[in-house]
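> Protein sequences appear in the order of chains R and Z.
Numbering-wise, my numbering puts 168 at position 168 of the first sequence, and it's gapless, one number per residue.
Numbering-wise, my numbering puts 185 at position 185 of the second sequence, and it's gapless, one number per residue.
Honestly, the hints are just simulated from the structure, not real lab data.
Under the rule of at most 20 Å between Cα atoms (straight-line distance), these lysine to aspartate or glutamate pairs were calculated in the EDC-like manner:
no. : chain 1 : residue 1 : chain 2 : residue 2
1   : R       : K7        : Z       : D289
2   : Z       : K396      : R       : E100
3   : Z       : K334      : Z       : D242
4   : Z       : K408      : Z       : D370
5   : Z       : K160      : Z       : E139
6   : R       : K32       : Z       : E294
7   : Z       : K330      : Z       : E266
8   : R       : K242      : Z       : D386
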Amino acid sequence: MPTKIEKDAVTGQDTTGHEWDGIKELNNPLPKWWLYILWATVIWSIGYYFWSSPIPGVEGFQEPARERLEQTMATAREQQSVFLEKIAAAQLEEIRDDPELLNFAMAGGGSAFADNCAPCHGQGGAGAPGFPTLADDAWIWGGTLEAIHETILHGVRTDDIQSRYSEMMAFGDGILDRSQVSDVADYVLSLSGQSVDRDAAARGEVLFEENCVACHAEGGVGDMEQGAPALNNQVWLYGGTKADIEAQIWRPQHGVMPGWVDRLDPETIKMLTVYVHTLGGGQ
Amino acid sequence: MVDIYGNADAQSRQEQKHESLYQNRVKVYPKKVAGTFRRLKWTVLIVLLGIYYIAPWIRWDRGPNAPDQAFLIDMPHRRAYFLWIEIWPQEIYYLAGILLLGAVGLIFVTSLFGRVWCGYTCPQTVWTDLFMWVERLIEGDRTKRMRFDKAPASSSKLTKKAAKHGVWLIIAALTGGAWIMYFNDAPTVVVNILTGQASLKVYGFFALFTATTYLLAGWAREQVCVYMCPWPRFQSAMFDEDTMIVTYESWRGEPRGKHKKGTSWEGRGHCVDCKQCVAACPTGIDIRDGVQLECIGCALCIDACNEIMGRLDLPRGLISYDTDRNLANKAEGKPLRYRLIRPRTIIYSVLLVVVATVMVWSLATRAQVDINVLHDRNPLFVTLSDGSIRNGYTIKILNMTREEKAYKLAFEGLGYAEMTVVGQEDSASQNIARLTAGSDTVATYRVFMVVPADLVQGEVQDFNFVLTELQSSETVRRGTVFRGP
Chain R
1 MPTKIEKDAV TGQDTTGHEW DGIKELNNPL PKWWLYILWA TVIWSIGYYF
51 WSSPIPGVEG FQEPARERLE QTMATAREQQ SVFLEKIAAA QLEEIRDDPE
101 LLNFAMAGGG SAFADNCAPC HGQGGAGAPG FPTLADDAWI WGGTLEAIHE
151 TILHGVRTDD IQSRYSEMMA FGDGILDRSQ VSDVADYVLS LSGQSVDRDA
201 AARGEVLFEE NCVACHAEGG VGDMEQGAPA LNNQVWLYGG TKADIEAQIW
251 RPQHGVMPGW VDRLDPETIK MLTVYVHTLG GGQ
Chain Z
1 MVDIYGNADA QSRQEQKHES LYQNRVKVYP KKVAGTFRRL KWTVLIVLLG
51 IYYIAPWIRW DRGPNAPDQA FLIDMPHRRA YFLWIEIWPQ EIYYLAGILL
101 LGAVGLIFVT SLFGRVWCGY TCPQTVWTDL FMWVERLIEG DRTKRMRFDK
151 APASSSKLTK KAAKHGVWLI IAALTGGAWI MYFNDAPTVV VNILTGQASL
201 KVYGFFALFT ATTYLLAGWA REQVCVYMCP WPRFQSAMFD EDTMIVTYES
251 WRGEPRGKHK KGTSWEGRGH CVDCKQCVAA CPTGIDIRDG VQLECIGCAL
301 CIDACNEIMG RLDLPRGLIS YDTDRNLANK AEGKPLRYRL IRPRTIIYSV
351 LLVVVATVMV WSLATRAQVD INVLHDRNPL FVTLSDGSIR NGYTIKILNM
401 TREEKAYKLA FEGLGYAEMT VVGQEDSASQ NIARLTAGSD TVATYRVFMV
451 VPADLVQGEV QDFNFVLTEL QSSETVRRGT VFRGP
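Given the sequences, and given the hints that come with them, work out the whole structure.
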């Protein structure tokens, strides 16, 4: 509290009566209206707090903010409904070929992708070991709009009866021995143009014909009907080194993708399809 | 108390200061003055208000599909027009340039002539002056106004107060309305406002600008300069002993005191302590206390003092517009010396010229076409089945002209790459794409660059996209990167 208000000799101004280590504070009074504005803002902020933000756990005070959010979302949904109805009625190709619908589908599909798909397939379909890249031109189950749509709907290796399903034998379970697996791996590497031990590859080719062609087809071109990946390209799901390939032959890993038919509405799945198709590799 | 000059005793705000920690408003009743600086102030006021109110009405033919207003900031379409200059959002650095010019200009002028900005051209000063003129017309000059305020409420007092606030509000509305016109087509928005067809936004801003003008120029006045404005707090850093400022010649004025006609001036100063300088001051200070932050340098006290000096047959200029150095020189009887060219004014003017030159140069040479190149972040690159590496780009072509334009997109510095523009696959073989962009728009294209596996050079390779406008062969290059494993 101010103790002794006196005049400062040099400036002729009053002091506030505050003194610290012999230094006296001059009184340069703030205008009253400034003080009133300060109080006005304080009072305003109290009212504004109750108006604008919910108070956790206090029933009733959560409502205004929640209601506003619901209104905003309802408005957004209403504005989207025009497009969503069109998308529900349209064929996938029609969506792709109509610039307006494509634009909407790209936005809707993009956000659905970020929410549901990006954790495994990466942002923009960048992929990761074990999770196919969706932005390249190699497809396991097909890269047409229809094929992508089917995969998203029912997933891969799920309980869904319509699910994409394929399983590669574990050749390590007494079918091939270690050296045979090594030979097959050399042959598979040669399919994608890599330099390998020619003799081993020749031995591997015989084993490949006997064991692998049924699914991976002659020359390892793959078979999308069975979900057998092409082996004659540079895209490797579980890695492209010889050790990776041997491991996959010996005891294969099988990725699982959930089906989204029960989790996302049909329009969103359509938009996702178009979005994935346009990532760069759509067929 | 009314003195021999017919005025109530004037007290500066300092003298009326309250002892509390919070200060009651000390109302300032500036007296009407006549003189050189008052005339200068009126002239500047009329010119500035003239510019402010007339500028939005100047028409400018920009051809079809463009607004005809010479000065327009078109928020919805994200364009700003200043005579022949058209600014796009990505050229907002011109605004930074203008602000820089303004700041350096202000500093430059202040170092030469003190606070002429505050005293003559600041909107707060100009509108307050206008409002005070209205007040004086209705309520009378200083003494009359003080008496009028103290008088008990009566119907004539109420009428006069209402008339004053009414006129203030009209001026405020005209001011707020004119501001709207810089952001809308002036004739249209005026008709819309008057016929009730303008948007809620327009009425909102109209009300906001009207209210701020009324409150700041009518009520807040010197409080803005003293308490709200940051400028007075550091403007003295631009002063030196050669800066022209409003000064009181204390060597000549002191000791001050009342003077009786016919008595000698021997042994006393020329200041008769009539306090006309205090009465005239719009911020209510006593200039005889020296340079202070409340002084806006409007020089009205000079006019007021000169009038008294004239009546007393004394030399004018007891309060004058002069430099600190000359004040000392005068006191010692030395010749006066004005130094406009000093290190600081040289630095400020060089800065001004440099910034202005850079702006004019960049305005004169700026391209009518531009491209923005965005490299995909996810994924950074894609390995295709044949092992080649593909990068994706989003290219935005900015066509700043009024016609649809055709462009040729090519690239340089990326060896055997193959370029594909999504939707224009035919052009891939030539590695040149023909693209178009509509008038005054931004066209967006997706571009893929594919480099064969064995030709990818490292993780990052720099290269350029080259866009050429076919008609004028105006060419823009934008550097970007190609990423590999």
